[in-house]
Amino acid sequence: MNSASSAKLLRFETIVREHQSGLRAYVRALGAHDAWVDDLAQEVFLVAYRRFEHFDSSADLGRWLRGIARNLVMNELRKHARRSRLLHESLAGALAEAEDTSPFARTTAARVLQVMNDCVSQLPPLSRELLQRRYAESLAAAALARALNLSAAAVRQTLLRTRAAVRRCIAGKLQEALP
Amino acid sequence: VTDARFEELVQRVLDDELTEPEVAELAAELRARPARQVELREHLAVWELWSQQLSPERSAEAFLAACRTRLAADRGSVEFVNAVTARVQRDQAAGSWLLDVLRRARQAVVDRWRSPAVVGWTAACAAVAVVVLWFATPHPLQATTVLHGEAVCTACLLHQGHEHTPAIRVHGRHGEEIFYVVSDPVVVHRMGNICRAPVPLVVHGATGVRDGRNVITLSAVEPDRAAGATPPAPDQRTLFPF
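Here the protein sequences come in this chain order: A and D.
Using our numbering, the first residue of the first sequence is number 1, and each one after it goes up by one.
Using our numbering, the first residue of the second sequence is number 180, and each one after it goes up by one.
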């Protein structure tokens, strides 16, 4: 591998490190199925690697990557056979159509996560445990209910309230911080 | 759709429990009220970030490693196609050279001895020689590739999707190459537990390119003793859902 290729590869890895988290969240928000988020995000970076030469270095790299992601999802919607990587067509279509201008879209993933951790720390212990186990162990409501000796309906209801409260908390804090 | 109902539908999206009528209900609501789109997107994004934070297999380093592997496979596929094309052309050149020699020999025999018996014997000998040469020399239709590498799981070790399928990772002169295995599960079964760690192997099979990715149809699998591998014990073997 020559030095130009090595330098390009090094730059690529730096970009992946810096943008992977936010890009994966963006891909999910466009309507990717949770099991296929990483796969689609990797494709975004591969496309970016191939098209580095076309990127204007004075432009916003994150915005360029999000543009590639959006095109990939739109292509995915056009290919019947590959739609399994997305949520239902009509939902993914609606999500991918509009440009997101909410405070989330203008904030880095690291900052959102920082605010989120702050919001989660204020939750009651049971709600915190539910969120931890739901995502760390990928447990569905029924399995969580068995593990915590609760009814599935109670688990679903608590998750609903907890998620809604956390989202409102994050949105409020991000809105406050914006100029 | 009331706020409470919308929240309920969002939860069902997040938990992948949405039914078809609910999909239609939610899609209609998203079209009617763009603010709901923003809310759903925010939910999807924040819980994705939360999932990344809590799942070690989704860490930044794991994601970067998967990107590196896919990039290597991407670059390797071009080199692989060039190498296979060169090999096919070489084999075809060797085949045409042999046919040319046989044609010249036949002409020489016919010119020198015009006896039908001699020509018949010579033709029979030539036919036998062709059959022997067919099996004795490499031929594009019989091409079997031997790879020294390690068997890895595409989900557990390469982090490419969630389907557990085997692949052969080869470290060659041009860097890392990935060959996705398309084979009889019985052969794959001999690889051992590739979800736990990479398994050093020597594999024999026919290689090709499918959907831009290198693939290999295995005919034989053996432990790479040079790499210190031992055959997997029966209880270590794993079946994959092909």
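Just to be clear, a hint being listed does not mean it is correct.
Not the full set, but computed from the structure, chain D residues with beta-carbon under 7 Å of chain A [to be verified]:
1. GLN216
2. VAL217
3. GLU236
4. VAL310
5. VAL311
Which stretches of chain D does chain A cover? Using the computed rule of at least three CB atoms under 8 Å from a CB of chain A, they are [to be verified]:
6. 201 to 215
7. 239 to 252
8. 334 to 344
9. 383 to 396
Simulated from the structure, these hints should not be mistaken for lab results.
Think of the CB as a built atom: it goes at the ideal place given N, C-alpha and C, for glycine as much as any other residue.
Hint by hint, here is what the structure shows:
| no. | hint | in the structure |
| --- | --- | --- |
| 1 | GLN216 | holds (6 Å) |
| 2 | VAL217 | holds (5 Å) |
| 3 | GLU236 | violated (10 Å) |
| 4 | VAL310 | violated (45 Å) |
| 5 | VAL311 | violated (44 Å) |
| 6 | 201 to 215 | holds (count 7) |
| 7 | 239 to 252 | holds (count 8) |
| 8 | 334 to 344 | holds (count 4) |
| 9 | 383 to 396 | violated (count 0) |
Taken one by one, the earlier hints fail for this structure at numbers 3, 4, 5, 9, listed in ascending order.
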